[in-house]
Amino acid sequence: MQLTPILRCGSELNFEPRQAWPEVLPPVSWRGQLLCGFGRMGGDALDLGDKLFLDVWRACHPHLGLAELARARQRLESVWPELYLEVRYSFFSSYNLRWCDRLDQVLEALNHAPFEFQNLVDEKSVSVRELAPLLSVNSVDEIEPLLKALTTLTLSRFELSRALELAVELYLMGRPLNDLLPTVNNGGLYVRRLEQWRKPESSQADEEWRRTVRNWPWPAQVKAEWQRFGDQAGLEVKIRTTSPADFQKKLENLLAIPDSWSCKS
Amino acid sequence: MQELIGKFEHVYIDRKSKDSKLAERIQSLFPADKISFVNERPWQEGELSPREFDRSKRNLFVTPFKGRFFKRCPGSRPGLACCNYFVLNWGLQCDMNCSYCYLQSFINSPILTLYSNLDDALGELREMNLSEQTLRIGTGETVDSLSLDPITLYSRDLITFFREFSKWTLEFKTKSDKVDQFLDLGPAENVIVSWSINPAHIVEHEEHGTASLAARLSAAERCLAKGFKIAFHIDPMIYHPDWRENYGELVDEICRRFSPSDVPYLSVGALRFQGEQRAIMRERFGMKSYVVRAETFPSPDGKFRYDARIRQEMFRFVNERFASHDRAWRLFMCMETPETWLRVEGVSPFKSESLQPLFDRAPLRAVARASQGDIG
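In order, the protein sequences belong to chains A and B. Per the working numbering, the first sequence starts with residue 1, numbered consecutively. Per the working numbering, the second sequence starts with residue 1001, numbered consecutively.
Keep in mind that the hints were calculated from the coordinates and are not lab data. For every residue, glycine included, the Cβ atom is placed at its ideal position computed from N, Cα and C. Heads up, some of the hints might be wrong.
Per label pair, the in silico range of CB-to-CB distance [as the list claims (entries may be wrong)]:
#1 B:D1019 - A:E16: 51 to 59 Å
#2 B:R1244 - A:P200: 13 to 21 Å
#3 A:Q2 - B:V1038: 44 to 52 Å
#4 A:E144 - B:P1064: 49 to 57 Å
Start from the sequences, fold in the hints, and give me the full structure.
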C-alpha cells in the first residue's frame, strides 16, 4: 500500500459530493487524482492506482444521487475521456442506472441547473424520467429563476416533479416565467395553481360544477362535493345517519338530486 | 418507390436473413452502397432519446423474428370494451411520424425492423388449427400495414394465405395510400383495407409524413373499385378549437364518397397515450402540437385521456353527423369503457345486436385454448 502527499494529487475530479469524507480516513487517490476527501489540504492520500478504477470508485462512493453522478460524470469525462468511454456502462450500472443517450442528456441538463436545485434533486431522489422537462427547453439557463424558486418550497418528490413539468409546459406555451414563480411556500397549493393554468377548460368546468352542486337541495347531514377522479368527474356523497328510518328518509330526500343533475347535464 | 427508398439512410440485413425473399427484394430496390450485411442489430436496445427515435425511422434492419407473431390487440385490457381483435406483427417502428404515436413509449428498438420470416408467421397461424373460428386479425399494430408494402410486398402473401381461411378476416390498417401493389390480385371476401383518418387540418398538424386525407380516401376508392372491402377508423380524435367543424367536414366527405354498404364498419376513438410518452412527444413536437398541449387525465387503465365528458361529446357528435346522412352507418368505439358506450350509444357493446359479432367472446376462448393461454 502506497501513500502520496495530498499536495501532489490533482483534485480535478472534485464533484462536490454532498457527504464529507470521514475525517478518520485518509483520502484515496488513483493515478495522481483524488477520488474523495477533496477538501483536505495536508497529509497523505492512499494511492490505489494499482487497482481497477471502478472498484476503487465504488468503494469510495457506494451511494450517489443523480446530481452528484451528473457532476462526477462531467469531471471524469474531462479528466480521463478514454477511461470514461470505456467504463460508463459499468459506472452507471453500479448506481442502478443504464447508460444511454437519454441518461446522458438528462445528466448534462442537470449540470446546467443551479447547485441548490441539484441538491434538491438528490435530497428528494428525483428520477431521470422526472427530470425530462429540463430537456424540453432550449437551455436550462432560461428557467434558472424557476429552478431556484422550487428549492424554496415545501414539496414532496411527487409535487416537485409535477411542478417542474407543469411550469416548463406553461413556459413553453408562452406564459412569462415571472408569472410562474411561486408566491406561496406551500408546494401543494402551488401545484394546484399550475394545474388550473395548464388545464383551464377542465378546471373551469369542474369549478362551475362545484358551485352548482353546492346549491342543490341536499338533506341535512349529507355532504356532497364535485370531485375529479382521473379522467372522470362526479359527485362524492357522504351520508351521516343514525338509524334505518333516518337512512331511508335521507335516501328519499336524495331522490330529488338526479332531477337537478339531469337539468344541468 | 424512389421517394420511399429515399427515406432510408441505410439498410442493414442480418446475415440470417440473407437468403430470404425480402432481402432479395431489398437488394433489387436499394443501391448497393446503402446495404450492409451484419451479424447483429446496429445500435443498442433501451429507452430511446428523441434523436435516436428519429434515427430509428431512417434506418432499416431486416432480420428473422424469433417470438410469437400472433397476439391479442392491446385494447383487450380489464375495464375496456374490446372488440376481440388479434394482431400479427411483421415489423417494428413506422416510417411516418404522428405526434401521438404510441410507439414512442412502446419500442426500445433503435431501428425500423422488418421481419424476413413472414412464412413462419403464416405457419404459426395455420398450426393453431382454428380455421372454423371467426377471427379478426390486423397487421397494423407495431408497423403501418401498408406504408412499406411496396418494399415488402407482404400484402400479396397475406391476401393469398387468407383466401384459404374464409372464416378469418384480415385487416390492413394504414395512413398511407400504398395499395396499388396488390390490387391486381383481385378482391378477397375476407380482406379489409382500412384507413386511420382525421380531418385534413389534423393530418397536417399532427400526422407528419403520412398521406393526405384526400390521398387516403382516393386509395380507398381504388380498393373499392377493385372489389376490396374497406373500413375507416376515425382514431384518435383530437380535441382542438375547430373540432366540430373539422370532424363534421370529415364525416360529410366520407358520406359524399362512400355509402354505408361500402364500409362494413367504422370505428372512433379518442386520443390516449401512456404517461411515459409525454416527455418524448413534448421534445419531438413542441407545445404547439394539439396532442402535447391537450388537457388529459390518467384513466383507470393507466393511459392519459381527455375528460370522459369531452370524449362522449366528440363521439356523440360524430355519431349524430353520420346518422344525419344515413342511419345505416355503423360505428363502434375503440378502447373505450362500457360506461362511455352506454352514454354515447345507449347500449353496452356486448348487448348491441349489430355489434355483437365484433364483441363475441367465443373466438377469444378458442384462441386461448389453442395457444394454451399465451396470446399476449
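Hint by hint, which ones does the structure fall short of?
Violated: none.
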